[in-house]
Amino acid sequence: FASSSFFLALRFEHAKMLARSARFFSSRSAVMTASRSITTADMTPAERVQFGLAHSSPAISKIFTDAPFSHAKGSWVYLENGRKLLDFNCGIAVTNTGHCHPRVVEAAQTQLGKMLHGQINVGFHRPVLELIERLLTIVPSNLSSFFFANSGSEAIENSVKIARAYTKKQNIIVFQGSFHGRTIAASALTRSKILYRIGFGPFMDGVFVAPFPYCNHCKIPKGVEECCNDSIEQIELLLKQQTAPQDTAAILLEPILGEGGYVFPPKSFLKKLRKICDQNNMLLIVDEVQSGFGRTGKFFAIEHFLDLPSESPDMIVMSKGIASGLPLSALACKPELLQNLYPGSVGGTFGGNAVSCAAAVATIDVMKEEKILENANARGEQLRHLLGKLQQKYPEVVRDIRGLGLMNAVEFNPQKGKQAAPELSKICQQNDMILMNTSIFDTIRLMPPLTVSESEIDLGVKILTKSLETHLDNISRL
Numbered sequence: 124f125a126s127s128s129f130f131l132a133l134r135f136e137h138a139k140m141l142a143r144s145a146r147f148f149s150s151r152s153a154v155m156t157a158s159r160s161i162t163t164a165d166m167t168p169a170e171r172v173q174f175g176l177a178h179s180s181p182a183i184s185k186i187f188t189d190a191p192f193s194h195a196k197g198s199w200v201y202l203e204n205g206r207k208l209l210d211f212n213c214g215i216a217v218t219n220t221g222h223c224h225p226r227v228v229e230a231a232q233t234q235l236g237k238m239l240h241g242q243i244n245v246g247f248h249r250p251v252l253e254l255i256e257r258l259l260t261i262v263p264s265n266l267s268s269f270f271f272a273n274s275g276s277e278a279i280e281n282s283v284k285i286a287r288a289y290t291k292k293q294n295i296i297v298f299q300g301s302f303h304g305r306t307i308a309a310s311a312l313t314r315s316k317i318l319y320r321i322g323f324g325p326f327m328d329g330v331f332v333a334p335f336p337y338c339n340h341c342k343i344p345k346g347v348e349e350c351c352n353d354s355i356e357q358i359e360l361l362l363k364q365q366t367a368p369q370d371t372a373a374i375l376l377e378p379i380l381g382e383g384g385y386v387f388p389p390k391s392f393l394k395k396l397r398k399i400c401d402q403n404n405m406l407l408i409v410d411e412v413q414s415g416f417g418r419t420g421k422f423f424a425i426e427h428f429l430d431l432p433s434e435s436p437d438m439i440v441m442s443k444g445i446a447s448g449l450p451l452s453a454l455a456c457k458p459e460l461l462q463n464l465y466p467g468s469v470g471g472t473f474g475g476n477a478v479s480c481a482a483a484v485a486t487i488d489v490m491k492e493e494k495i496l497e498n499a500n501a502r503g504e505q506l507r508h509l510l511g512k513l514q515q516k517y518p519e520v521v522r523d524i525r526g527l528g529l530m531n532a533v534e535f536n537p538q539k540g541k542q543a544a545p546e547l548s549k550i551c552q553q554n555d556m557i558l559m560n561t562s563i564f565d566t567i568r569l570m571p572p573l574t575v576s577e578s579e580i581d582l583g584v585k586i587l588t589k590s591l592e593t594h595l596d597n598i599s600r601l
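Here the sequence shown stands for residues 124 to 601, numbered as in our numbering.
These are calculated hints, taken from the structure and not from any lab test. Note that the structure is predicted; figures quoted are calculated from it, not measured. Treat the hints with caution; some may be incorrect.
As the list claims (entries may be wrong) - Here are the simulated DSS-like pairs of lysine-lysine, each with C-alpha atoms no more than 27 Å apart in a straight line:
| hint | residue 1 | residue 2 |
| --- | --- | --- |
| 1 | Lys549 | Lys585 |
| 2 | Lys541 | Lys494 |
| 3 | Lys516 | Lys196 |
| 4 | Lys516 | Lys539 |
| 5 | Lys421 | Lys394 |
| 6 | Lys363 | Lys284 |
My request is simple: use the sequences and hints to build the entire structure.
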């Protein structure tokens, strides 16, 4: 795929940056050795970035290399050199209540003065109890037990442990295009790009892969509302040919593919998966790490696809937007699933951190009391309407516009063999907007804060349109 060459080019560019950083700091090393008082505070913004590049993992790519971040507020991020950036990335769908929402900040600051860390195996602190109380009001009523961790990957891996312990079966079915994390077991479950797997094997055994219904690329072009149901048929074949129901603990999926390109399944898809799991004594685990906490205009994406609580999954994994930027993940599940666990068999030192839980409580309160979901739906409709005009202007270039709430994607048809999305995201960044491409297909995802204003949506689409015109002009010169 074209994305493979993009990753190689990205790796080459990063290597060049590291080389420049190494040269810079080797030339300055004598000065730093002679005077230990020189610190990052004495450097220019550009020098601080070079310092960071020289001393951080090249596996962590950097988009902005002219200056470090200074601060952020609402839909805007500021660099130390004075640049102001419209953020349609949101920390990859994390700061859903906007950067530094005053109520979330106040809740975290208040808790900082009371208790930073109270290990959850030792005892309960008030924020985690209040968070459980809030979560019970937004998850399906039959998912009344919770487990807390730090990241989406950690929660995903523990969902697999719980599924195996409860069912006494080992295999897990995942989907093409899925992203469940980058730790070693989560990488075994992730199938969005080979990038996350190259050179890291062997991986956890017992993972089987089924096709996700990507109707835009289906060989039988009926559209998302009249799906050919090939994905369901492939799962049924999988259970007959590769992993028997007697050996299969669970089906794990994102209700909407995230890293895989913001791909939305037919409404019937999750219902049919629920039925397959019920018929074969398997669990249904839903990864709402990216799609949860209002991103689709509802607290959880499954609310668009399933009748709750009667069709609810057995587990929901959540993270990212749960605490508006503080590290926290949670797993909501049916109480009986935890009965086979021994004390201490599932857990972690920092899971359910008191400050993160306080921020999560405030996040849920803000979403409910400030009508954040209503704004996400209104601004999402506005965004898709404007993107539709872009598609009308460039019908041969813009292949698809799709989204729910403020979880939206634009997929392009590569021109002259060149993908638009990687270059388009770079040009948008040059035009002071943070935007990310995704998927092996030619796709950008738009994920602004759920508090984004009408004027900010207008501005974002204007920057995107201008950037696309620049890209197409560049392509025409080839």
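Taking the hints in turn, this is what the structure says about them:
no. : hint            : result
1   : Lys549 x Lys585 : holds (15 Å)
2   : Lys541 x Lys494 : violated (41 Å)
3   : Lys516 x Lys196 : violated (33 Å)
4   : Lys516 x Lys539 : holds (19 Å)
5   : Lys421 x Lys394 : holds (18 Å)
6   : Lys363 x Lys284 : holds (24 Å)
Going through the hint list in order, the structure does not satisfy hints 2 and 3.
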